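Colleague: In case you want the letters, here they are:
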Amino acid sequence: MFKLSKMFVLLVVLALAAAACAPQPTPTEAPTAVPATQVPTAMPPTAAPAATATQSPAASIDCKGAKAGDTLSVLYQWTGSEEQNFNTIVKPLVDACGIKINAQSTRDAAVLDTMVKSTPPDVLFWPDLSPIKLYSDKLVALDADGANAGNYASDWINLGTSNGKLYALPAKSDMKTLIWYSPAQFQALGYTVPTTFADLQTLADKMASDGNVPWAMGLESGAATGWTGADFVEDILLATQGTDYVNGIISGKVPYNDPGVMSAYQIFQKWSSDPKYTVGGSTGTVSTNFGDAILQVFSNPPKAMMVDKATFAAGNITKQYPNLKLGTDYNAFAFPGAQGVQVSADFMYAFSNSPAAQALLAYWTSDLGGQNFAATNWGLSANKGAAGNYTDPMMTTLGNIFANAKGYAFSTGDALGNPYATAQWKAVVNVAQGQDIKTNLDTVAAAQTQSLQGK
Amino acid sequence: MVPKIMKQGRLAPWLYLLPSLILMTIFIVYPTFATVRLSLLDAHSLRSAATTCAAGQPCWGILENYRYALTNPEMLAALRNNALWILLMVPGTIIGALFFALLADRVPYENLAKSIIFMPMAISFVGASVVWRFVYDYQSSGSQIGILNGILTALGGQPVAWLSAPIINNFCLMLVGVWLWAGFCMTILSAAIKGVPAEILEAARVDGANEFQVFGNILLPSIMPTVVVVATTMTIIILKVFDVVYVMTGGYFDTEVIANRMFELIVTNAGQSTAIAVVLIVLTIPIMIFNVQRFRREEAAR
Numbered sequence: 076m077f078k079l080s081k082m083f084v085l086l087v088v089l090a091l092a093a094a095a096c097a098p099q100p101t102p103t104e105a106p107t108a109v110p111a112t113q114v115p116t117a118m119p120p121t122a123a124p125a126a127t128a129t130q131s132p133a134a135s136i137d138c139k140g141a142k143a144g145d146t147l148s149v150l151y152q153w154t155g156s157e158e159q160n161f162n163t164i165v166k167p168l169v170d171a172c173g174i175k176i177n178a179q180s181t182r183d184a185a186v187l188d189t190m191v192k193s194t195p196p197d198v199l200f201w202p203d204l205s206p207i208k209l210y211s212d213k214l215v216a217l218d219a220d221g222a223n224a225g226n227y228a229s230d231w232i233n234l235g236t237s238n239g240k241l242y243a244l245p246a247k248s249d250m251k252t253l254i255w256y257s258p259a260q261f262q263a264l265g266y267t268v269p270t271t272f273a274d275l276q277t278l279a280d281k282m283a284s285d286g287n288v289p290w291a292m293g294l295e296s297g298a299a300t301g302w303t304g305a306d307f308v309e310d311i312l313l314a315t316q317g318t319d320y321v322n323g324i325i326s327g328k329v330p331y332n333d334p335g336v337m338s339a340y341q342i343f344q345k346w347s348s349d350p351k352y353t354v355g356g357s358t359g360t361v362s363t364n365f366g367d368a369i370l371q372v373f374s375n376p377p378k379a380m381m382v383d384k385a386t387f388a389a390g391n392i393t394k395q396y397p398n399l400k401l402g403t404d405y406n407a408f409a410f411p412g413a414q415g416v417q418v419s420a421d422f423m424y425a426f427s428n429s430p431a432a433q434a435l436l437a438y439w440t441s442d443l444g445g446q447n448f449a450a451t452n453w454g455l456s457a458n459k460g461a462a463g464n465y466t467d468p469m470m471t472t473l474g475n476i477f478a479n480a481k482g483y484a485f486s487t488g489d490a491l492g493n494p495y496a497t498a499q500w501k502a503v504v505n506v507a508q509g510q511d512i513k514t515n516l517d518t519v520a521a522a523q524t525q526s527l528q529g530k
Numbered sequence: 079m080v081p082k083i084m085k086q087g088r089l090a091p092w093l094y095l096l097p098s099l100i101l102m103t104i105f106i107v108y109p110t111f112a113t114v115r116l117s118l119l120d121a122h123s124l125r126s127a128a129t130t131c132a133a134g135q136p137c138w139g140i141l142e143n144y145r146y147a148l149t150n151p152e153m154l155a156a157l158r159n160n161a162l163w164i165l166l167m168v169p170g171t172i173i174g175a176l177f178f179a180l181l182a183d184r185v186p187y188e189n190l191a192k193s194i195i196f197m198p199m200a201i202s203f204v205g206a207s208v209v210w211r212f213v214y215d216y217q218s219s220g221s222q223i224g225i226l227n228g229i230l231t232a233l234g235g236q237p238v239a240w241l242s243a244p245i246i247n248n249f250c251l252m253l254v255g256v257w258l259w260a261g262f263c264m265t266i267l268s269a270a271i272k273g274v275p276a277e278i279l280e281a282a283r284v285d286g287a288n289e290f291q292v293f294g295n296i297l298l299p300s301i302m303p304t305v306v307v308v309a310t311t312m313t314i315i316i317l318k319v320f321d322v323v324y325v326m327t328g329g330y331f332d333t334e335v336i337a338n339r340m341f342e343l344i345v346t347n348a349g350q351s352t353a354i355a356v357v358l359i360v361l362t363i364p365i366m367i368f369n370v371q372r373f374r375r376e377e378a379a380r
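These protein sequence lines are chains A and B, in that order. Using our numbering, the first residue of the first sequence is number 76, and each one after it goes up by one. Using our numbering, the first residue of the second sequence is number 79, and each one after it goes up by one.
Hints listed in this document are in silico derivations from the structure and should not be mistaken for laboratory results. Some hints here could point you the wrong way.
[Unchecked claim] In silico negatives: residues of chain A with every beta carbon more than 10 Å from chain B:
(1) Thr146
(2) Gln179
(3) Thr181
(4) Pro195
(5) Ala224
(6) Ser229
(7) Ser284
(8) Thr315
(9) Gly335
(10) Ile342
(11) Pro468
(12) Ile512
[Claimed, not checked] Reference excerpt, derived from the structure (chain B facing chain A, CB under 7 Å, subset only):
(13) Tyr216
(14) Ser218
(15) Ser219
(16) Ala239
(17) Ser242
(18) Gly328
(19) Tyr330
(20) Val345
(21) Thr346
[What the hints assert, rightly or not] Not everything, but these chain B residues come out facing chain A in the computed CB check (under 8 Å):
(22) Tyr324
(23) Glu342
(24) Ile344
Here the structure is a predicted model, which means the values were calculated and not measured. Heads up, the beta-carbon is just placed ideally off N, CA and C, and yes, glycines get one too.
Using the sequences plus the hints, can you model the full thing?
Modeller: What follows is the structure, given as structure tokens:
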């Protein structure tokens, strides 16, 4: 009765909402992180991976007792080429065990909510940690369900653990804490890649005094406007305060109006609102779409020198400017001085402990699963088996930065969810528009408390 | 003598009403009560809303979610914006619609003219909002791809960030609303204008009234009941405005509206979301009552 009533309310609200738009609760926009460098992805792996490639895939796949014909329901947000990559990765499992995967795709948190309360999917891939908070009574602990948690760094295990149970592991990861730039431009203008945060600040000041705008910033992203700025601030925090501090925001140890966060926002405000430091000043920052901002660095002539973006930026650059060459025309360096990398991920959850569900979890988290994931160059994998198995030069570079990072800090907004995330995005927009930092961060800190209470 | 088969018992009317009563109960009455019930519970609909009160903070007990809906600064901004929408868009659509209806009445290609004005109604609101986003597009540097800023810069002006500059962005959104709904209002008002007997208008003109006097003293009073119906309908529609705001600004830059808050909260905080829904229902009820009363009075006068 209670479920029914909630569904009805949902229906009423959705009807009002004209049902026409699929909301995107977590804007970890990662349109196929496969950069279009001209390496055929199907190319047989050479050198190091050759050893693993000789193994018979079926030999190391554990079907966990799943029988041919067993079905497995899966829900994810992926579509199109992402869905194809998923199918490529699970094909060895499907072939070896004969299970049938029924996949459904939605980006709508309301649809997920309705499904979980009626017929939850066996395995769920979702780009934030909100399911832990919302559905912990229905989720099955992954390590007790066939998953090999040993293949993941402790930061990841901590992220997915609640009340001592491991509910989430990263299935596909994305790395932020990168700055994209044009090596050719840097060389022509006599700039060098900074290695410390102080260097970065000096470089930005030098560029500004030379009349070159250092930053391309775009906060606009529809109903999620502001998230790219929130990521930028977190990168600054990783450099000025470190991974533990950022994870402290997620655990509640560090309130969001802490002096450390305030000073990060002061740097962000200067960079995001002064027309000398960002294209178009405040108005440009808040009105420019985050995708367009990436391109401002690579247009001819460039409108800005650098853009802080996640791995997916490579795809945007090569799609718009297919002739640019990796390494000379575009490249990325790790955010100078960052002690650890900021990550986002599509997490894997289980609502079932059926043999087929266990088989998928075991396979995905195994060395072989990591290798097969990396071979698609679809994105980064936190699975230790993936390291060194990417076949694309860009992904190899990014994969190395990722695998060798000192620590992993999740995007605080994705970790805490709403109301914190939305409050944070709004504060970022307000600060970029020159509003008072303290007032705005007090609001976020209040939302942080609320989000933590719900957790 | 009425044939026996046509005699009706006391139950017969209820029998006729039964199908609609069942549908109404399932789809209107039950959800309404369920919504009210959920609005008194916490974020996950498990405990009373009173349990969400934080110590030292103001607390409305079981009505705690209503404290959010009626006093939270974000909600106050949304309520203020909805009021602004009603104050400007209702007259906007009606004046625009009357203007087009009167003009179209006087041209030979009336149907074509009216079809063009009505056309936006045929577009999905989300689609229309996406199109208008391009109209208002702002580029911080380089050439402008939005037509408004294109015209502005071609005339030597500075481009304006239509959707992110507060105050002005609200008017830009309302303009989209007017564009979407003016055709609908025009169709209804046009039918009412055609219903005014030509003889009365002719008589007035023969008596020497100019066109403005004919409009103000004869035409407008004759179609007033229809104008009121259109105005109340529009008020209800605008109270629920969502798509335009969600797609174009996402409620950012001081453009938040009630329905958008409700939507944002539905998954994370069912209590607050349903409290907003109830506030919305309560706001529309007086308008509905007014509409029904007026309708009854007219029926009685007939």
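Colleague: Would you mind marking each hint as holding or not holding in the structure?
Modeller: Hint check:
With a least beta-carbon separation of about 28 Å from chain B, Thr146 of chain A lies farther than 10 Å from that chain, consistent with its non-interface assignment. Taking the minimum C-beta to C-beta distance to chain B, about 18 Å, the non-interface status of Gln179 of chain A holds against the 10 Å cut. Remark: the non-interface label on Thr181 of chain A is consistent with the geometry, its nearest Cβ contact in chain B lying 13 Å away (cut-off 10 Å). The claim that Pro195 of chain A is not at the interface with chain B holds, since no C-beta of that chain comes within 10 Å of its own (minimum 15 Å).
Look at Ala224 of chain A: its CB is around 28 Å from the nearest CB on chain B, clear of 10 Å, so calling it non-interface holds up. Every beta carbon of chain B lies more than 10 Å from that of Ser229 of chain A, the smallest distance being close to 29 Å; the non-interface claim holds. Look at Ser284 of chain A: its CB is around 19 Å from the nearest CB on chain B, clear of 10 Å, so calling it non-interface holds up. Taking the minimum C-beta to C-beta distance to chain B, about 27 Å, the non-interface status of Thr315 of chain A holds against the 10 Å cut.
Non-interface call for Gly335 of chain A relative to chain B: holds, since the shortest CB-CB distance, roughly 25 Å, exceeds 10 Å. No Cβ of chain B approaches the Cβ of Ile342 of chain A within 10 Å, the least distance being about 21 Å, so the stated non-interface status holds. In this structure Pro468 of chain A is separated from chain B by more than 10 Å, as the shortest Cβ-Cβ distance comes to about 31 Å. For Ile512 of chain A, the shortest C-beta to C-beta distance to chain B comes to about 17 Å, beyond the 10 Å cut-off, and the non-interface label holds.
Annotation: Tyr216 of chain B was flagged as interfacial toward chain A, and the flag holds, the nearest CB pair being 5 Å apart, inside 7 Å. For Ser218 of chain B, the interface hint holds, the least distance from its beta-carbon to any beta-carbon of chain A being 2 Å, beneath 7 Å. Nearest Cβ of chain A to the Cβ of Ser219 of chain B: about 5 Å, under the 7 Å cut. The hint holds. Using the Cβ-Cβ criterion of 7 Å, the hint placing Ala239 of chain B at the interface with chain A is satisfied: the shortest such distance is roughly 4 Å.
Given the 7 Å rule on beta carbons, the hint for Ser242 of chain B holds: about 5 Å separates it from the nearest Cβ of chain A. Contact between Gly328 of chain B and chain A, as hinted, is supported at the beta carbon level, the nearest pair being about 3 Å apart and thus within 7 Å. Because the closest C-beta pair between Tyr330 of chain B and chain A is about 5 Å apart, less than 7 Å, the hint holds. Interface hint status for Val345 of chain B: upheld, as the beta-carbon distance to the closest one in chain A is roughly 5 Å, under 7 Å.
Nearest Cβ of chain A to the Cβ of Thr346 of chain B: about 4 Å, under the 7 Å cut. The hint holds. Interface restraint check for Tyr324 of chain B: the shortest CB-CB distance to chain A comes to about 6 Å, inside 8 Å, so the restraint holds. Because the closest C-beta pair between Glu342 of chain B and chain A is about 7 Å apart, less than 8 Å, the hint holds. Hint on Ile344 of chain B holds. Least Cβ distance to chain A is approximately 5 Å, under the 8 Å limit.
Figure legend: structure checked against the earlier numbered hints; every hint is met.
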